[in-house]
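Asker: Residues per chain are reported as follows:
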Amino acid sequence: MSHSHIDVRYVANLARLELSDEEVATFQPQLEAILHHAEALSQLDVTGIEPTAHPAPVFDRMRADVPHQSLTPDAVLHNAPDQAQGQIRVPKVVTDA
Amino acid sequence: MTLASLRRQLLAGDTTSAAILHHLAGEIAARDSLTGAYLSYDLEAALAEAAQADLSLPLGGIPIAIKDNMNVRGQPCTCGSKILAENYRSPYDATVIRKLRAAGAIPFGRMNQDEFAMGSATENSALQTTRNPHDPDRIPGGSSGGSAAAVADRTAIAALGSDTGGSVRQPASHCGVVGLKPSYGRVSRYGLVAFASSLDQIGPLTQTVEDAALVLQAIAGFDPLDSTCLDVPVPDYLTCLHAGVHGLKLGVPKEYFGEGIDPGVRNNVEAAIQKLAAQGAEIVGISLPHTAHAVATYYVIAPAEASSNLSRFDGIRYGHRTANPADILNLYKKSRDEGFGPEVKRRIILGTYVLSSGYYDAYYGRAQKVRTLIRRDFEAAFHQVDAILSPVAPTPARKIGTFANDPLHEYLSDIFTLSANLAGIPGIAVPCGTTDFDGGTNLPVGLQILGPHLGEAKLLQIAQAVEV
Chain A
2 MSHSHIDVRY
12 VANLARLELS
22 DEEVATFQPQ
32 LEAILHHAEA
42 LSQLDVTGIE
52 PTAHPAPVFD
62 RMRADVPHQS
72 LTPDAVLHNA
82 PDQAQGQIRV
92 PKVVTDA
Chain B
33 MTLASLRRQL
43 LAGDTTSAAI
53 LHHLAGEIAA
63 RDSLTGAYLS
73 YDLEAALAEA
83 AQADLSLPLG
93 GIPIAIKDNM
103 NVRGQPCTCG
113 SKILAENYRS
123 PYDATVIRKL
133 RAAGAIPFGR
143 MNQDEFAMGS
153 ATENSALQTT
163 RNPHDPDRIP
173 GGSSGGSAAA
183 VADRTAIAAL
193 GSDTGGSVRQ
203 PASHCGVVGL
213 KPSYGRVSRY
223 GLVAFASSLD
233 QIGPLTQTVE
243 DAALVLQAIA
253 GFDPLDSTCL
263 DVPVPDYLTC
273 LHAGVHGLKL
283 GVPKEYFGEG
293 IDPGVRNNVE
303 AAIQKLAAQG
313 AEIVGISLPH
323 TAHAVATYYV
333 IAPAEASSNL
343 SRFDGIRYGH
353 RTANPADILN
363 LYKKSRDEGF
373 GPEVKRRIIL
383 GTYVLSSGYY
393 DAYYGRAQKV
403 RTLIRRDFEA
413 AFHQVDAILS
423 PVAPTPARKI
433 GTFANDPLHE
443 YLSDIFTLSA
453 NLAGIPGIAV
463 PCGTTDFDGG
473 TNLPVGLQIL
483 GPHLGEAKLL
493 QIAQAVEV
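Sequence lines, in order, name chains A and B.
Using the numbering used here, the letters of the first sequence map in sequence onto residues 2 to 98.
Using the numbering used here, the letters of the second sequence map in sequence onto residues 33 to 500.
Excised from the complex, chain A in its bound form:
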């Protein structure tokens, strides 16, 4: 781990967040302080230590492959910001060649 530099606008774009200049200026020192604190983890010797992804002793649980009732289209579309003809409407995704 190096010196806690983070390109806030670049990472925000990866996370699909459009930040204002003010937000970038606010977050930059805050995030660097947090990352600097996290660098203390590099002092520990973790050679040969297995990672813990989650603490429950259950893995790869599968449900029975049988059909069951799920939400109706009406119930789902009720929360959609924009809908038409039983479907969620979004801006044009494919542009002309």
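Hints in this document: simulated from the structure, not taken from any laboratory.
Ideal placement from N, C-alpha and C gives every residue a C-beta, glycine not left out.
Among these hints, one or two may not hold up.
If you only want the chain B side, here are some residues facing chain A, beta carbon under 8 Å, derived [claimed, not checked]:
#1 121
#2 347
#3 359
#4 366
With the hints as your guide, set chain B onto chain A.
Answerer: Here is chain B on its own, set in the frame of chain A:
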């Protein structure tokens, strides 16, 4: 009135479920404009359920307040965020709601919280301020601040909260009520809006330890809809409640009593430990050597998981969508920028960073390994002792606005509660006195009791001995 005493009144015919609801509505009207615990409530819907309530069931006729991140069909579920506040209505019931209803309870009220449960003060709610009923200039704690404040203010009988790094226990401590975080896998999270999936658990906030046992009894148990929910029997949490602490070995970790603890917190917690010793518990000094790394470990892992979980809020299927987006990418980015508040954005950026190529091994991979070391600390300790005693938080409730613009400082105050989530073990906060702090008087202090995985019954038993 406690849940248990209201149940006795209901069974004796001295009150009705409808009368309890009308009483609560009156209390909310009288005091909640100051406390700000409730985001919304639907008295008519609750009264309709009350008319059908089966009083023979364990929680029959009892209204339970719900943190606003658990889905109740037909009700709002804002998560304290603008992104869900406009028009979202839950299309289904969370499993805990289905289980509460199966036990006869009535979900009543949507409780304020830090946005997406990210915070320790409920100051990160985008929707309103919640104040501590013991001192309106102070935070109720968080993130389940509305749930804790309402139970303390007696505008709710009992409540559900969620605890990812202390979000049930810390507000319970700050408001002087009981708060229980069950073991990872004990309670289904289906229908709880996910924050950090390897850490989240739902738990009760109540006036008494007995009430916490009653609510846990109703919500615990296997659910095929949550793949991490354990298929193991649920014990009777009331049987051993009054069994006492004689002969139990209780560990006091030196790392939890170092610098930075308010003297009033220390004195009250040490008095509670002495009280347990006087009842026959053996107090043992122990060490949890990786405690100092818990904050760093947590604030890598939790934001990483949050950045993934919150990618579902994209303005497409539900929640806020920006007006007049230029294209689909612009729709995502502007909808999220307009919908999320600053703490949520900070954690999404932090989480995205620690998962990104070139930084993954150094931050996320390493934090997962340190998480193993923290987990092993507890495994070793529980070979030695039955449970562990500590403060819940280093100080009583601070004033509103103290840590504005200093998120790291706020994170560091979570030091005593985070480890239980990292290790997946249960923890309970139980009131153990009051103290003066930073100009405030008679502010509640909580004792935290941590136990081995699925050890909730013993935690309740010890907590009961602190309470009496």
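Asker: Interface hint check: residue 121 of chain B, Cβ to nearest Cβ on chain A, cutoff 8 Å. Holds or violated?
Answerer: 7 Å, holds
Asker: Hey, does the residue 359 of chain B contact hint survive, CB to chain A under 8 Å?
Answerer: 6 Å, holds
Asker: If you take the shortest Cβ to Cβ gap from residue 366 of chain B to chain A, is it below 8 Å?
Answerer: 6 Å, holds
Asker: Should the hint that residue 347 of chain B touches chain A count as held when the rule is a Cβ pair under 8 Å?
Answerer: 6 Å, holds
Hint compliance for this structure: every hint is met.
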